[in-house]
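Visitor: Sequence:
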Amino acid sequence: MSSPDGMTCCSCCSCCTPPMCLGVCAAADSTIMRAFVRSTAGKWTGFGGVSMKRIAALDGWRAISIALVLIGHLVNYRWGIGGPKVASFAAYNAQLGVKVFFVISGYLITTLSLKEEISTGGLHVGGFYLRRAFRILPAFFVYLLAVAAIALPGWIDQSSIGIQRAAEFSCDIPGRDCGWFANHTWSLAYEQQFYLLFPLIFMATLGTRLRWVLAVHLLVVAAPFVALFTGDVWHDALAFSAGFSSITMGVLLALLVPRLRHWVGRPDALAVALGAFAGSVLVVGLNLLHLSYAVRTAVDGVLLPPAVAWLIYTSVHSDGVFTRLLDARPVRYIGAISYSLYLWQQLFTGPAARYADVTWFVPLLALPAAALSYHFIEQPFIRWGRALSHRVTGRGAVARSPSAG
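Each step along the sequence shown adds one to the number in the numbering used here, with nothing skipped, and position 150 is 223.
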């Protein structure tokens, strides 16, 4: 970060000359750097003692996330069961599922980027973009092409402009309708915009990352509160920025791991996490305090991201029944295919009016569609992306997580 007089500033010193600041900031980051450890076999064992097996266990949380999305869509749109309160809570669950995805994404990308920095001396921006592109784009565009092909003869109600907006990753712009079968790509748009900026900011904030990320997180969390008093002029822009709060919380979690490790071992850590999570869901999701929608949205941005982050982190480090459930092979498989399942579930969970003949679009068909996408599109392209990234960067492979890409 540069000060007005061109001197380099950092979180560990007020304002000093570039050489001096680099040295001080390098020392300040040493706690985080030392949190990366290697086993005697020289294999990467994770961040803050978190094994890559443990990071892969986050697939269990991805399974929970996609289950929440599916329940929300089926209850609200396909089946239309229950009254207004049921519909509201189902919609909240779908949003909650996406926010869990966001926290995991921010955490994993930051953790793996820190690992690459320690292992190779820096994050290769081109390699990062290549891996992300090969991880996300192939399955995404295959889904959009399938939707376009099915919509062409009129079997589903989907506009071509909606598909175009989805392909542009612009469905997260407030007020932009992409049609049912492409509307869910708003979350992918948020992630792509995050991925676009992340490596540049990551490399530019060496020594000051925690302070920068905390500042950004507080800004996006504050956005919906500010929107309560701004009227329509700034409302959409503030609502848009607030959508990043769960992602930035995941980034914060990764940066704070060395300072949180001694809390994770406490016997009440998971109970506190579950309590905070349940409290957020009860207050906001069930609206026990009868708050307005705008106030609930603002409060949700404050309570939910840290509750989700702490619950995920403590549960992954626990050996209780809940963690064993997350580690169960069927659960982890659903988590592994969750990206493809998130894409394809939209084709099978829409309102009946969106289909020429809804009987052909049985919700259970989303599972084989997702499995085919995962095994024959996602996985091959992820491998090719890693190989191409290795050729471009001239470095060894980055720590591999089945779901991180």
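Some hints could be false.
Said to hold, decoys possible - With beta-carbon atoms standing in for the labels, derived distance ranges:
1. 438 with 273: 36 to 42 angstroms
2. 249 with 402: 36 to 42 angstroms
3. 158 with 438: 39 to 45 angstroms
4. 273 with 467: 38 to 44 angstroms
5. 198 with 158: 44 to 50 angstroms
6. 394 with 364: 32 to 38 angstroms
7. 221 with 426: 18 to 24 angstroms
8. 195 with 222: 39 to 45 angstroms
9. 301 with 437: 31 to 37 angstroms
10. 426 with 225: 14 to 20 angstroms
11. 368 with 157: 15 to 21 angstroms
12. 403 with 429: 21 to 27 angstroms
13. 154 with 331: 45 to 51 angstroms
These aren't lab readings, by the way, just hints derived from the structure by calculation.
All figures in this text were calculated on a predicted structure; none of them were measured in a lab.
Don't be surprised by glycine CBs; every beta carbon is placed ideally from N, CA and C.
Visitor: Each hint: holds or not?
Guide: Each hint tested on the structure:
no., hint, verdict
1, 438 with 273: 36 to 42 angstroms, "holds, 40 angstroms"
2, 249 with 402: 36 to 42 angstroms, "holds, 40 angstroms"
3, 158 with 438: 39 to 45 angstroms, "violated, 30 angstroms"
4, 273 with 467: 38 to 44 angstroms, "violated, 21 angstroms"
5, 198 with 158: 44 to 50 angstroms, "holds, 47 angstroms"
6, 394 with 364: 32 to 38 angstroms, "holds, 34 angstroms"
7, 221 with 426: 18 to 24 angstroms, "holds, 20 angstroms"
8, 195 with 222: 39 to 45 angstroms, "holds, 43 angstroms"
9, 301 with 437: 31 to 37 angstroms, "violated, 42 angstroms"
10, 426 with 225: 14 to 20 angstroms, "holds, 19 angstroms"
11, 368 with 157: 15 to 21 angstroms, "holds, 18 angstroms"
12, 403 with 429: 21 to 27 angstroms, "violated, 34 angstroms"
13, 154 with 331: 45 to 51 angstroms, "holds, 47 angstroms"
Consistency with the previously given hints fails for numbers 3, 4, 9 and 12, ordered from lowest to highest.
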